[in-house]
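Undergrad: Chains A and B, in that order, are what the protein sequence lines are. Residues in the first sequence are numbered consecutively from 1, following our numbering. Residues in the second sequence are numbered consecutively from 176, following our numbering.
Keep in mind that the hints were calculated from the coordinates and are not lab data. A virtual CB, placed ideally from N, CA and C, is assigned to each residue, including glycine. Keep in mind that a hint or two might mislead.
Claimed, not checked - Examples of chain A residues lying across from chain B (beta carbon under 7 Å, computed): (1) 41; (2) 42; (3) 43; (4) 45; (5) 46.
Said to hold, decoys possible - Footprint (simulated), chain A over chain B, 3 or more residues, beta carbon under 8 Å: (6) 184 to 197; (7) 253 to 260; (8) 264 to 273.
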Amino acid sequence: MTLSPADPVEDFTLPDTDGNPVRLAAADADATVVAFTCNHCPYALAWHDRLNDVAREYAPRGVRLLFVNANDATRYPRDSAEAMKARVDRGQFAAPYLHDESQAVARAWGARTTPDIFVVDRDGVLAYRGAPDADHGDPALRAQWLRSALEAVLAGRPVAQPETEPVGCSIKWRA
Amino acid sequence: MSGPRVELLYWEGCPSHPRALADLREALASLGRADVAVSLQRIDDENQARAAGFVGSPTIRIDGADPFPPDAGEPAALACRIYELADGRASPTPDPGALRERLERMLAERG
Numbered sequence: 001m002t003l004s005p006a007d008p009v010e011d012f013t014l015p016d017t018d019g020n021p022v023r024l025a026a027a028d029a030d031a032t033v034v035a036f037t038c039n040h041c042p043y044a045l046a047w048h049d050r051l052n053d054v055a056r057e058y059a060p061r062g063v064r065l066l067f068v069n070a071n072d073a074t075r076y077p078r079d080s081a082e083a084m085k086a087r088v089d090r091g092q093f094a095a096p097y098l099h100d101e102s103q104a105v106a107r108a109w110g111a112r113t114t115p116d117i118f119v120v121d122r123d124g125v126l127a128y129r130g131a132p133d134a135d136h137g138d139p140a141l142r143a144q145w146l147r148s149a150l151e152a153v154l155a156g157r158p159v160a161q162p163e164t165e166p167v168g169c170s171i172k173w174r175a
Numbered sequence: 176m177s178g179p180r181v182e183l184l185y186w187e188g189c190p191s192h193p194r195a196l197a198d199l200r201e202a203l204a205s206l207g208r209a210d211v212a213v214s215l216q217r218i219d220d221e222n223q224a225r226a227a228g229f230v231g232s233p234t235i236r237i238d239g240a241d242p243f244p245p246d247a248g249e250p251a252a253l254a255c256r257i258y259e260l261a262d263g264r265a266s267p268t269p270d271p272g273a274l275r276e277r278l279e280r281m282l283a284e285r286g
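Work out the full structure, taking the sequences as your base and the hints as a guide.
TA: Here's what the structure looks like:
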């Protein structure tokens, strides 16, 4: 299954790196960004600072960002819960980093790559899905596609470009 | 005497190899070695990855030697490989300047 813009999203609860359950709860924020990411992918790492900047800059405006790692850590040990926690402990995340160990959320949302970005409005409807911006190699782009989507959602306007092609490493599904 | 054997090993699950191939060919051309053919080797499964010592896509080899040698013990993997740009940022492809420098040195060592 793959979510498309205007689809209602499924709520979820996933543990953060301390084991605390974190719920999507879309109604609790003006907009929520769910960013599927991981530890071992150069595309996810290249875009990571831009996503952290979005988390910090938009939090005061009622936007919540959740990073989610769904990769199979059995075959990709760099994506283990321990490795996730180590990155959080090093201060590399400006928002919760959640572990989708069963991959149920990634499957339900149709996540394909790391990163794969989903923006959900307060009503739990998908407003944007795709890449943060047009080029992982150009930090000056500042996750502009994501920012444009957030500006539209916060203003109550339709997102002009509600879907772009996610670019990155494939999600590492369990065999 | 035959020329150097330049290979690009890649995995289709990672979208970085077209860029890596273009950068590799550009580096060779800038060194006056546009005549050197780049051999593409696709890695399709974990058995092939292990057999080839493939630690991620893309991997470049010059006569079997990696211009960006992975850490000792780096496991074979069907994954995108992480390179570091000159400014320290992570990248799915090698820094073009570093690639050119290392190619130049390795090609010179091989005559």
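Undergrad: With reference to the structure, classify each hint as holding or not holding.
TA: Structure-based check of all given hints:
no., hint, verdict
1, 41, "holds, 6 Å"
2, 42, "holds, 4 Å"
3, 43, "holds, 6 Å"
4, 45, "holds, 4 Å"
5, 46, "holds, 5 Å"
6, 184 to 197, "holds (count 4)"
7, 253 to 260, "holds (count 5)"
8, 264 to 273, "holds (count 4)"
Hint compliance for this structure: every hint is met.
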